[in-house]
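Just so you know, the sequences run in chain order Z and X. Numbering of the first sequence is given in the UniProt record's numbering, commencing with residue 1 and proceeding in unit increments. Numbering of the second sequence is given in the UniProt record's numbering, commencing with residue 1 and proceeding in unit increments.
It is worth saying that the hints were derived from the structure and are not from the lab. Check before you lean on any hint, since a few could be wrong.
Unchecked claim - What follows is a set of in silico ranges between Cβ atoms, one per label pair, in the way DEER data are often shown: (1) Z:Ser18 x X:Phe237: 46 to 56 Å; (2) X:Arg152 x Z:Lys115: 28 to 38 Å; (3) X:Phe260 x Z:Asp99: 13 to 23 Å; (4) X:Leu161 x Z:Lys66: 32 to 42 Å; (5) Z:Lys122 x X:Ser148: 31 to 41 Å; (6) Z:Lys66 x X:Ser148: 20 to 30 Å; (7) X:Ile129 x Z:Asn105: 44 to 54 Å; (8) X:Phe260 x Z:Tyr8: 17 to 27 Å; (9) X:Ser238 x Z:Gly68: 26 to 36 Å; (10) X:Lys154 x Z:Gly130: 30 to 40 Å; (11) Z:Gly37 x X:Glu150: 12 to 22 Å; (12) Z:Lys66 x X:Leu249: 13 to 23 Å; (13) X:Ala23 x Z:Lys103: 32 to 42 Å; (14) X:Ala23 x Z:Asn21: 53 to 63 Å.
Where a beta carbon is used, it is the ideal one built from N, C-alpha and C, also for glycine.
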Amino acid sequence: MIKIKDLYKRFGKNEVLSGLNLDIGEGGIFAILGPNGSGKTTLIKCLLGMVIPNNGAISVLGENIKRGSDYRHKIDYLPQIANFPNNLRVKELITMIKDLRGKTNLDQELISLFKLEPFLDKKLGNLSGGTKQKVNLVLTFMFDSPLVILDEPTSGLDPISLLRLKKLIQAEKAKGKTILITSHIMSFVEEISDEIVFLLEGKIYFKGSITELKDKTNQPDFEHAIASILTENHA
Amino acid sequence: MLKILKYSFYDLMRSRWSYVYFAFYLLLGVVLLFLNNDLSKAVITLMNVIIVLVPLIGTIFGVMYYYNSKEFTELLLAQPLKRSSIFLGQYLGVAISLSMSLILGLGIPFIFYGLFMSNAIWDFSLLLITGTFLTLIFTALAFNIALSNENRIKGFGYAILLWLFLAIIYDGIFLMSLIIFEDYPLDKLSLIGTMLNPIDLSRTLILLKLDISALLGYTGAVFKQFFGTNFGLIISFSALTLWVVLPVLRIAMKAKKKDF
Chain Z
1 MIKIKDLYKR FGKNEVLSGL NLDIGEGGIF AILGPNGSGK TTLIKCLLGM VIPNNGAISV
61 LGENIKRGSD YRHKIDYLPQ IANFPNNLRV KELITMIKDL RGKTNLDQEL ISLFKLEPFL
121 DKKLGNLSGG TKQKVNLVLT FMFDSPLVIL DEPTSGLDPI SLLRLKKLIQ AEKAKGKTIL
181 ITSHIMSFVE EISDEIVFLL EGKIYFKGSI TELKDKTNQP DFEHAIASIL TENHA
Chain X
1 MLKILKYSFY DLMRSRWSYV YFAFYLLLGV VLLFLNNDLS KAVITLMNVI IVLVPLIGTI
61 FGVMYYYNSK EFTELLLAQP LKRSSIFLGQ YLGVAISLSM SLILGLGIPF IFYGLFMSNA
121 IWDFSLLLIT GTFLTLIFTA LAFNIALSNE NRIKGFGYAI LLWLFLAIIY DGIFLMSLII
181 FEDYPLDKLS LIGTMLNPID LSRTLILLKL DISALLGYTG AVFKQFFGTN FGLIISFSAL
241 TLWVVLPVLR IAMKAKKKDF
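This is chain X alone, in the form it adopts within the complex (with noise of 0.2 Å):
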């Protein structure tokens, strides 16, 4: 698996879209810093950014990829190589590869503005911790839909509804639900829904770090209450990590049992 890892990297890694992307959040974080000129203000704004795109690019460039190389992935098939190996390699690839683009380009200009020495820092990794896992997440969703769809078109489609969905769509039942129901308690059901979508998971989580709770109202106190803890921290990332391991498996499951 480490040598289909290697090989899907480098790949990566000479396509002119890393450095794009790299190149992109190496912009934003000199920008955000410019003109914020504050390290906390511009990890707010940031957050605002990465919880929105980082899902978008996981999940095109996952598909992408996907289609793109499949005619090593069949040159690869008839090779003495375990298929469970070849997808999780490629898929590490992939993922590996945009979650340094994001890491790096966010890093350098957060650091040149000394990062090190600003109380900022915790906000500032927990905002990478969770841009990682949100790389890996979509990442996994995305090579899910193309290993279910032969037809590109198709797999590009459900790849970009997935993403709409959990960004937006599911923002909006959650809130409808939240007035229709409001004659009831619902701080539980909204922590539930809360964590069963991994975009809300790490804005709340970062939100909350970020001590602004209290924009969220009675709720937000609710919130706090879970989230501030520790106990409720580690359930975050158990489900942040069921996140990435479940869509894993799958594709070690579909990959086992496909034709090519």
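Next comes chain Z alone, as it looks inside the complex (with noise of 0.2 Å):
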């Protein structure tokens, strides 16, 4: 599905990515971990276009996407912070979102699911953060592409909305899509994620299921494991 060949990434003097390597198959949901600052968004950017790596070659689906734009017609892309021009109502953005990408009947589904139907004639500048959110996941999972990529998908959702979206993430996996979270909610990982990818310094430093992660640590719970990972390397 995903294959990245040394990736490498400066800002400035800052490198981010540092010869990063990774291999991802084809169906289920992949929790991309790593402290602050460890490179996981910048990874994602690099995976959408957003961030032109310094070298290294990334190939989505086959397709190597220095080739073109067209690839991501294959991707579902949540973004970590919603932002949104303020002066656009919720339905024109959907409508606007669905012109620029093409036909869909998801979004009716979705909008009742999020239960977004109050907001639909609102500015997009007025609504809570928990609201835009949910935007958010109606314009991400309206497509159905084959690869979904959410960045930190939890935030400011209230615990009903967030039930909802692990049902529909999980609805996602049983179509054979690939899904991958980044997250610091260790529960919702623990709970919802096959795989780990852990990020480290600009690298893969682990990546496997969440059993081999305890074996590996030695800790009796996921927590513990990500924990001493982190303590190891930055004590």
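Dock the two chains into a complex; use the hints.
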């Protein structure tokens, strides 16, 4: 699904990704974890072509991403901070994205799933953080693409929406999609993900299942396993 | 690109500032016609305003729009769209809506005054054409500055400096150099100097069309000889076109390499 070879990215003097190699197969939920500033968002943005790597090759579904922008038709992306043009209405934003990407009928279903009907005519600037995140989720899941990338999908969501989101992610997985998630909420990651990709200092430190991680670090639970990696490397 | 253009254009058409800009020109046109009571004279006064104001508004609007629509741009970047079409679409959206405000705002009062029945129509069209060129040029320059500067304050600063330089300081330096080198033949130099600054070029084009080149003395005669001919006119418009094309190309190049 995704093949990354020798990926390097520097911002000024700060080297964020230093020779990252990653292979992600088809189907399943992959959690990308790592401390703050370890390059999770940069990695995702490289996949999307928003950040241009200094070196290395990325291919998504067998297509080199340098070759054009069409591969993004196969990616649904949920950005970390829901930044929308403030003077647009929710309805208009959804219509606009549909106009840019192509037709879909899933939006109505998603709008009712997240109970967004009362907000459709409101301006995006007047929405609360959680509601914006819900709009963000609708926009992301609207297109039924084989690869879904979620950057901090839980931020700002209330418990009931979180439950709905989890169900939705599981349903997407059941369709055979590949889902990449970054999150700092360990219980969420533990509950939902099939595999962990742990980033540290611009490289992949660990890739495997949660049980493998627990074995490797000799820790009984997931949260402590992650914590032990961090203390070992930063103590 | 057309879809982005459409959305940027609608976005701007809904913003208050387009109307303010439009209303300003409307008012200016009406007042000038009322005060001058003569089309050709109104065109001359208008020229003096447009030559300075259009570049200023183009620069400020361009920079402002770029920084304000950052969120929108980031949203678009994750979609299957080419980068160059995103930025060129936005650029054209701004430039076209500004040009529309200019053309409609000035055009409406002049048409009502009986523009089509007067012989000032060509002077007036030239004024609008150069005004549109200036909008295209300065919006493109503003986008260049905004793309190269993450910091808004710096971006605004550079944009204002650029306008100040081309609208005022350039003329000063130009004039000084003419005084310093007054013992030498300067007609070629002054021709080239005029060509290199889009504001000066537009001003000269209009002045000569208005047949008041006698005001310019000997240089005026040289200019008249050059700009008055078809050859000179073609060269001038090519220079203006180049001033649009080069910054636009740089927008496309710069956008391709930028990280978001």
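To see whether the hints hold, each was checked on the structure:
1. Between Ser18 (chain Z) and Phe237 (chain X) the beta carbon distance is about 52 Å. The supplied range of 46 to 56 Å therefore holds.
2. As the Cβ distance of Arg152 (chain X) to Lys115 (chain Z) is approximately 37 Å, the hint placing it in 28 to 38 Å holds.
3. Between Phe260 (chain X) and Asp99 (chain Z) the beta carbons are some 22 Å apart, a value that agrees with the proposed interval 13 to 23 Å.
4. Judged by the Cβ atoms, the range 32 to 42 Å given for Leu161 (chain X) and Lys66 (chain Z) holds: they are separated by roughly 36 Å.
5. Here the CB-CB span from Lys122 (chain Z) to Ser148 (chain X) is close to 36 Å, well matched to the stated 31 to 41 Å.
6. Between Lys66 (chain Z) and Ser148 (chain X) the Cβ separation comes to about 23 Å, which falls inside the hinted range of 20 to 30 Å.
7. Between Ile129 (chain X) and Asn105 (chain Z), the C-beta spacing of about 48 Å keeps the proposed range 44 to 54 Å intact.
8. Remark: the range hint 17 to 27 Å for Phe260 (chain X) to Tyr8 (chain Z) is upheld by a beta-carbon distance near 18 Å.
9. At about 33 Å, the CB distance of Ser238 (chain X) to Gly68 (chain Z) agrees with the hint of 26 to 36 Å.
10. The beta-carbon spacing between Lys154 (chain X) and Gly130 (chain Z), approximately 35 Å, falls within the hinted interval of 30 to 40 Å.
11. Checked against the given bound of 12 to 22 Å, the beta carbons of Gly37 (chain Z) and Glu150 (chain X), roughly 18 Å apart, stay inside it.
12. Checked against the given bound of 13 to 23 Å, the beta carbons of Lys66 (chain Z) and Leu249 (chain X), roughly 21 Å apart, stay inside it.
13. For Ala23 (chain X) and Lys103 (chain Z), the Cβ-Cβ distance of about 40 Å falls inside the hinted range of 32 to 42 Å, so the restraint holds.
14. One distance hint, 53 to 63 Å for the beta-carbon pair Ala23 (chain X) and Asn21 (chain Z), holds here, with the actual separation near 60 Å.
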